[in-house]
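Q: Quick mapping for you: the protein sequence lines, in order, are chains U and W. Okay, so the first sequence: first residue is 8 according to the numbering used here, each after it adds one. Okay, so the second sequence: first residue is 8 according to the numbering used here, each after it adds one.
For the record, the hints were derived by calculation from the structure and aren't laboratory data. Model, not experiment: these values are computed from the prediction. Some hints could be false.
Which copy is meant is left open, so a pair is good if it fits within one copy or across any two.
Claimed, not checked - Okay, derived cross-link-like pairs now, DSSO-like style, lysine-lysine, Cα gap no bigger than 27 Å in a straight line:
hint, residue 1, residue 2
1, Lys-182, Lys-128
2, Lys-124, Lys-181
3, Lys-181, Lys-53
4, Lys-86, Lys-168
5, Lys-124, Lys-53
6, Lys-86, Lys-114
7, Lys-53, Lys-182
8, Lys-87, Lys-182
9, Lys-124, Lys-182
Number of protein chains: 2
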Amino acid sequence: MTRKYSVIVLRLGHRPQRDIRVTTHVGLTARAFGADGMLIAGLVDKGVEGSIRRVIENWGGAFKIASGVNWINVVNDWKKKGGEIIHLTMYGVHLNLVVNAIRNSPKDKLIIVGAEKVPGKAFHLADYNVAIGNQPHSEVAALAIFLDRLLQGKWAEINFKDAILRVIPSESGKKVFSLRNRHL
Amino acid sequence: MTRKYSVIVLRLGHRPQRDIRVTTHVGLTARAFGADGMLIAGLVDKGVEGSIRRVIENWGGAFKIASGVNWINVVNDWKKKGGEIIHLTMYGVHLNLVVNAIRNSPKDKLIIVGAEKVPGKAFHLADYNVAIGNQPHSEVAALAIFLDRLLQGKWAEINFKDAILRVIPSESGKKVFSLRNRHL
């Protein structure tokens, strides 16, 4: 997929024990739907990083992952370099009202997704506070729908380079093509 | 939203401690994107049920939730009553190839979403094994995209009846209209 800007997800409010599975879902969703990487704010979490790296090793692509970042610094640096900040929140304005403007702007996109409580500061630092519906649901669902609309369904055609494993789509079972050990 | 069929999510492989947060995300996503209810297979989990019920009490709607069901019985009953089974899996056929057929059929839809391991039997009992991309990501993301396509983005307009809380969409903060205590 070629596009003018990079798309990075910034995960706020991650608690290393409690959120390991949901944050892993956020990261894998970011990758599968075409984002370039994920930064996890707060503490370093090698568990989540490792889960996502193992997926990249097997299923390919150049997705970047890091944890333990200071989110305010990341946001300020992003803005200084001319990028824009999109915060996904049920309190924001409707996706359909802003997604075309975001897609058509050539600015790099930093997409903030929070866990339960997001600091008020995030709402003010964001260029866009965007709601994927104004109901409580899931940051994983919100991210999937946002990336689907931003990148216009391109997830269906992304070519993940250097993949060792590829699914062969099947009507009734699991078929996986593996390049592992192919030179043995 | 009026439609010809009911849409129920059947969650497989839920482990009461480990999956409480992800299963709650599955349930809230099901509700927010227009499904009528969720059944959780395996053990009873009052924690997940309670989380989702609290959302319904505050945010409205008639979403149904139950845990502790025997999934094979649910699937067999569903088929006996003329409904169809859609299993979301990264190993399945591409969403775009089947979603119109599923939408246009008048049959009630039971949508199976698994945790990490899904029994082979689910693949065989399903009328459709559907992939939201053939990459590992998240059942929450897969469910959101599937319901978005099935119901053609109707989540944006669902009216949740009897809501006590409603968001007033905002560009930069949290605005919630509450009917609680309005008669005091």
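Q: Indicate, hint by hint, whether the structure satisfies it.
A: Consistency of the hints with the structure:
no., hint, verdict
1, Lys-182 / Lys-128, "between (47 Å within a copy, 15 Å between copies)"
2, Lys-124 / Lys-181, "between (38 Å within a copy, 12 Å between copies)"
3, Lys-181 / Lys-53, "neither (30 Å within a copy, 33 Å between copies)"
4, Lys-86 / Lys-168, "neither (30 Å within a copy, 41 Å between copies)"
5, Lys-124 / Lys-53, "both (23 Å within a copy, 23 Å between copies)"
6, Lys-86 / Lys-114, "within (10 Å within a copy, 50 Å between copies)"
7, Lys-53 / Lys-182, "neither (31 Å within a copy, 36 Å between copies)"
8, Lys-87 / Lys-182, "neither (47 Å within a copy, 29 Å between copies)"
9, Lys-124 / Lys-182, "between (40 Å within a copy, 15 Å between copies)"
Going down the numbered hints, you'll see the structure goes against 3, 4, 7, 8, while the others check out.
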